[in-house]
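**Q** Going down the list, the sequences are from chains A and B. According to my numbering, the stretch in the first sequence is residues 5 to 94, in order. According to my numbering, the stretch in the second sequence is residues 26 to 406, in order.
Among the hints, a few may not be true.
[Claimed, not checked] These stretches of chain B come out as covered by chain A in the derived footprint (C-beta under 8 Å, 3 or more residues):
| hint | stretch |
| --- | --- |
| 1 | 132-143 |
| 2 | 170-184 |
| 3 | 219-225 |
| 4 | 282-289 |
Calculated directly from the structure, the hints in this document are not laboratory data. Source: prediction; values computed, not measured. Where a beta carbon is used, it is the ideal one built from N, C-alpha and C, also for glycine.
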Amino acid sequence: MCLGIPGELVGPAGGHDDLALVEVSGVRRRVNIGLLEGQELNPGDWVLVHVGFALSKISEDEAQAVLAYLEGLGQPYEDEIDALRASDIT
Amino acid sequence: MRFVDEYRDADRARALAAGIAARCRPGRTYAFMEVCGGHTHTIYKHGLEDHLPPEVSLVHGPGCPVCVIPMGRVDDATHIAGQPGVIMTSFGDLLRVPGGTGSFLGAKAAGADIRMVYSPLDALKIAKENPDRRVVFMAIGFETTAPSTAMTVLRAAAEGVPNFSVFCNHVMIIPAIKAILDSPDLRLDGFIGPGHVSAVIGCEPYAFIARDYRKPLVVAGFEPVDILTSVHMLLGQLAEGRCEVENQYARVVPWQGNPVALEAIGRVMRLRPHFEWRGLGFIAHSALAMAEEYAAFDAERVFDLPGIRVADPRSCQCGEVLKGVLKPWECKVFGTACTPETPIGTCMVSSEGACAAYYNFGRFTRDRTRGPAGEREVSRA
Ligand code: SF4
Numbered sequence: 005m006c007l008g009i010p011g012e013l014v015g016p017a018g019g020h021d022d023l024a025l026v027e028v029s030g031v032r033r034r035v036n037i038g039l040l041e042g043q044e045l046n047p048g049d050w051v052l053v054h055v056g057f058a059l060s061k062i063s064e065d066e067a068q069a070v071l072a073y074l075e076g077l078g079q080p081y082e083d084e085i086d087a088l089r090a091s092d093i094t
Numbered sequence: 026m027r028f029v030d031e032y033r034d035a036d037r038a039r040a041l042a043a044g045i046a047a048r049c050r051p052g053r054t055y056a057f058m059e060v061c062g063g064h065t066h067t068i069y070k071h072g073l074e075d076h077l078p079p080e081v082s083l084v085h086g087p088g089c090p091v092c093v094i095p096m097g098r099v100d101d102a103t104h105i106a107g108q109p110g111v112i113m114t115s116f117g118d119l120l121r122v123p124g125g126t127g128s129f130l131g132a133k134a135a136g137a138d139i140r141m142v143y144s145p146l147d148a149l150k151i152a153k154e155n156p157d158r159r160v161v162f163m164a165i166g167f168e169t170t171a172p173s174t175a176m177t178v179l180r181a182a183a184e185g186v187p188n189f190s191v192f193c194n195h196v197m198i199i200p201a202i203k204a205i206l207d208s209p210d211l212r213l214d215g216f217i218g219p220g221h222v223s224a225v226i227g228c229e230p231y232a233f234i235a236r237d238y239r240k241p242l243v244v245a246g247f248e249p250v251d252i253l254t255s256v257h258m259l260l261g262q263l264a265e266g267r268c269e270v271e272n273q274y275a276r277v278v279p280w281q282g283n284p285v286a287l288e289a290i291g292r293v294m295r296l297r298p299h300f301e302w303r304g305l306g307f308i309a310h311s312a313l314a315m316a317e318e319y320a321a322f323d324a325e326r327v328f329d330l331p332g333i334r335v336a337d338p339r340s341c342q343c344g345e346v347l348k349g350v351l352k353p354w355e356c357k358v359f360g361t362a363c364t365p366e367t368p369i370g371t372c373m374v375s376s377e378g379a380c381a382a383y384y385n386f387g388r389f390t391r392d393r394t395r396g397p398a399g400e401r402e403v404s405r406a
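With the hints as extra help, turn the sequences into a complete structure.
**A** Listed below in structure tokens is the structure:
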């Protein structure tokens, strides 16, 4: 639960205004972007996703570096991705 | 990918290690606390202490939210889970955390409906899909997670989901750091500040550490090179006689934090007068409860809780480990009675707990006979 996982914004997810479709580690998931209110967000932007919420906007370089780091973590990262796959927020 | 190269760069790490050694004053030792469990994990996984000169030691702090949950709160949650019609939800990290009467895992095996979720919003969804059940989200975490809980409660209120409530156990990092600074048994020279917590609270709340306690703090990223850079920056401040808050992790942490997140916390939660931290005891104004306006979503008001305080097991030395006074392997039950499969203390449960991190990655020979924390216990194999 403490890991922030980078995801790439795909577009609006429909439904609630705060939801966006984000691609995280090859999976597309709805993510809540309400905490980034007031910031400009466009498809292709990267965000750090924490328990279903985008917590901050990051650069693509940073996103790739964080992903490489997370993959190196092994089990804790796999657990987090499994939890995320099972998640289906609305 | 410039950053990947830069941050996976062994040459850069070597240069930093040399720079760190060069900044150490002969005859002086330095103890820096990394507050965040994520940093502890990186340090052990990459054997970072092995790249540091013997004068510099890293002391592991209380920044793993799973580790600081007191046993009584786990028992309260298990009690709620046992009430008729209740679905208890929480993060997977909590499954094995022992309370006085057992863990979620045990309660689940005994028939309680306890479900692991990725997000508090998943818990809210379960509530909407099961209107005849009472769905409780056991919220844990520092300021990184609290905004997500707050936003979820705001959604529940806006949409009117009466069968949803939150058992709020959010804790705050600043009062914990202050408690450590005020504890007499620890000498620290500076802090490696948490990354994601700071993305929410920003860097300003740490100012008192530099101003009132004269200790430098550097907010740091999670990669090995980030941590080495932060140690280098801390030593630089000390060498120049400066005591400041610096931000090594500006790639993610804005100096002012995330105002939307802080506002959400401020709307939905209020400070508790005091809260018990596992191993550290009661710390004033160190945790959040649900605000009066959201009482209908507050599991502490919706349910009658036993609220019994449970003393930590006698064999457990988590308090000393969480304060950085003892290294994990110095605990009497480490690796024998206490392992990740059968944890006695919480530091062994989460992969970010110091004991679990060391248990999983410890690959150095340790000299148990050498002095107190603050001295170097790592001898190279
Ligand atoms: S070894 Fe177990 S009991 Fe000892 S400090 Fe670590 S978690 Fe606590």
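**Q** Find the hints from earlier in the document that the structure breaks and name them by number, from lowest to highest.
**A** Result: no hint breaks.
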